[in-house]
Every structure is written in C-alpha cells, then in structure tokens.
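Enquirer: Sequence:
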Amino acid sequence: MTEEQNSSSSVTKHPALKKKIHIIQKESALTAIYASGNLTAAQKKVFNAFLYLGKDLVQSEIFAPEDGFSVPVSMLKNLIGDQSNNYTYLKKTVESLQDFTVESNVLGKDKKKWDRFSLVAGATIENGVLRFSFPHQIIDALKNPKMYVTLDLDEINRIDRKYAISLYEILEDYKKLPSLPKWSIDEFRKALDIPDSSYKTYRDLHRRVVTPAVEEINEKFGMGLEYVLYSNLLAIPSSDLTSEAENGVMTNRMRMPRITHIQFRLVKEKMEERLNYKAFVESMRKQYMPNPDDGYFPSIYNFDGQVFKVDTTGRLYIQNISIDGTIEIEELTPEKSDYYWKLLWKKSLEEKGEDFE
1 MTEEQNSSSS VTKHPALKKK IHIIQKESAL TAIYASGNLT AAQKKVFNAF LYLGKDLVQS
61 EIFAPEDGFS VPVSMLKNLI GDQSNNYTYL KKTVESLQDF TVESNVLGKD KKKWDRFSLV
121 AGATIENGVL RFSFPHQIID ALKNPKMYVT LDLDEINRID RKYAISLYEI LEDYKKLPSL
181 PKWSIDEFRK ALDIPDSSYK TYRDLHRRVV TPAVEEINEK FGMGLEYVLY SNLLAIPSSD
241 LTSEAENGVM TNRMRMPRIT HIQFRLVKEK MEERLNYKAF VESMRKQYMP NPDDGYFPSI
301 YNFDGQVFKV DTTGRLYIQN ISIDGTIEIE ELTPEKSDYY WKLLWKKSLE EKGEDFE
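All residue numbers in the sequence shown are consecutive under my numbering, ending with 357.
Some clues are possibly wrong.
[Said to hold, decoys possible] Keeping only pairs whose Cα atoms sit at most 30 Å apart, straight-line, the calculated BS3-like set for lysine-lysine is:
(1) Lys175 to Lys270
(2) Lys113 to Lys77
(3) Lys113 to Lys220
(4) Lys286 to Lys175
(5) Lys112 to Lys143
(6) Lys286 to Lys268
(7) Lys77 to Lys111
(8) Lys143 to Lys268
(9) Lys182 to Lys77
(10) Lys111 to Lys146
(11) Lys146 to Lys352
Everything labelled a hint here was simulated from the structure, so no lab data went into it.
Throw the hints in and build the complete structure from the sequences for me.
Expert: Set out below in structure tokens:
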C-alpha cells in the first residue's frame, strides 16, 4: 500500500468519490475574476475542482466551515485530468492559490455587490491528502447559488490556454442570452485576467490572446465562435483587417482605427449542432445505464469486438473482446470519450438518414 493510499484511507469518504461525470454549478461572479493576471491554467482548473469538491459537503447538514475539506490527492488529480507523477508541481499549484486576492464579478452580470476576497483561505497537500478551506464569500455562494453557470470539468480540462479557459466559461455563462454583450476592451481584459502590463496594444492582444483562444475553443468544442470589433461603438468591417499567416502579425489595408469594444457571437447552426450532440450523449447515458443488482450491462454498440458501454456514473468505456474471448476494459480520457461519442452520434444520424458534418 502506498503512502497516499494509506493516508487517504483515513479521510472521510467524499460524496464526489462516487461520481465520474464532473459537473459544477459555478457562481457567475466567479467566472470573471481578476487576479492581476497571475492565475495559470493549472490554477484555474484546481480552483474549479475545489468548487466541485466543496459543493456537496457545504450543502450537507454536517458541514462545519472551520473543518474545511479533506480528500485524497488522487481525487484532485482525476478532477483536473492530471496523469503525471509531478507531485511537487501539483503541491505548489495547490498551495499557491491561497496567495491570491481577487476581484470578482468584473463584468457586472450579478447585480449583488461582491467585495475583494482570497480565492481560498488555506490549501495544502500532505501525506497524499488534500486539505483546503474557502473564505465565507465562496461558502455562501456554494450554499445558496443565485446566478450560476453549469460547467463540465472534463471539457475544461481539455483546454490548454489560460485565457481560453476564462473565455470559455464566460461564453457558457452568457450563451442563453439573445445576444452576447458588447464589452469594452478594458472589461474584456479584466474578465480574462490579463495584467495591465501585457498586450497593451490591440494588435498584441489580438495575436496573443483573442485569436489563440477563439481557435482553441472552436477546434475543441465546435462552438462556431466569432467576434466583431468596434471603434467608438462603430463596427469595423472584417475586410479592413487581415492576418498574415506567415508571421501571425495583424496588419491593415487601411490605417487601423482604435479598437474600443469587442462582441462575441455564437453561430446558431453550430450551437444547435453542439446542443443536439450533448442531448444525444445524455439520452444514451440514460438509456444504457447499467443495473449491477440485476446483472444488466447493456451495450450501446459493437465495432468489431469493441463494445461501447457506460458505467453506473454515465462515463463511456470500451470492452475489448479478443478472438479467444478474453475481455479487457479500456478507460477513456475526456478527449477519447468525446471522440467516440461523436462516432456513435454520427452512426445514429446515418441510421436515421440525417447528415453529419
């Protein structure tokens, strides 16, 4: 038995240990936070994992804020998609969160006043156990969420760039509105936690932040994300601005006007396609949910000995059956899971005679 296994056995079993579909309801005010531009992608993912771990216990009758939270560090690694053995880096990332004082609700979506507060009140990893605590502002938000966005941690774990994580969470928060707000460049910078000292011109902001974030989100989630730039609230025709693929430097056919605002928009057809895909996944999970008590383990599909099933938590896995009848279980990463769900979705559409792109 490893040190981690031995120490974690003394930790009270957390409700989230039984879950593999990692969904959080994150307060809207916490999707757009400003920490002077110092939060890394890893820190953002760890903070989301803390919110996930804290929610069930905070809403239980036995929770005492002074006790904080204790879970096996292996659980945190699972939540943030960390498959490395770099224990030192993970410990440093966790403990660094207590150094941040943040300004939340920077886009003003929540009309309630939010003060500056510490991101976490304390956080450490010792002997294979993660222990952390929240300030009262976050405890209150977890107990009584008023305005929140539903996020899938497995999807966020697929994002590499820290600004893309922030933009993705904000878009998810605003996507149900008839149209996304028009933000000033200053608001946009603050919401994505971009430090004042970085990317001072829009050319740099476009090249280093906007374009890479939009490209990553579209590539990984097919959201059809676009944006319009404004100069003093007048839209700038896209023909006035070009990008040189050779060096990635933004140029202009005319003198480029001063960019004052940016407005994102989601292509309706792409968003409908994404919603249909997610609805398909949810329906498959419900339809093929196993019942171990009755010995019921239904198969979704069989591709030449690769049998696709979901476990009791709704997570897709593959049962590989060899010629001699040997069965091996293949657990899937979020990326592979998404890939195979889309194959199954495509097969379903083909059987219905519908198009798939």
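Enquirer: Would you mind marking each hint as holding or not holding in the structure?
Expert: We went through each hint and held it up to the structure:
no.: 1; hint: Lys175 to Lys270; in the structure: holds (12 Å)
no.: 2; hint: Lys113 to Lys77; in the structure: violated (34 Å)
no.: 3; hint: Lys113 to Lys220; in the structure: violated (35 Å)
no.: 4; hint: Lys286 to Lys175; in the structure: holds (25 Å)
no.: 5; hint: Lys112 to Lys143; in the structure: holds (16 Å)
no.: 6; hint: Lys286 to Lys268; in the structure: holds (27 Å)
no.: 7; hint: Lys77 to Lys111; in the structure: violated (35 Å)
no.: 8; hint: Lys143 to Lys268; in the structure: violated (34 Å)
no.: 9; hint: Lys182 to Lys77; in the structure: violated (37 Å)
no.: 10; hint: Lys111 to Lys146; in the structure: holds (11 Å)
no.: 11; hint: Lys146 to Lys352; in the structure: violated (41 Å)
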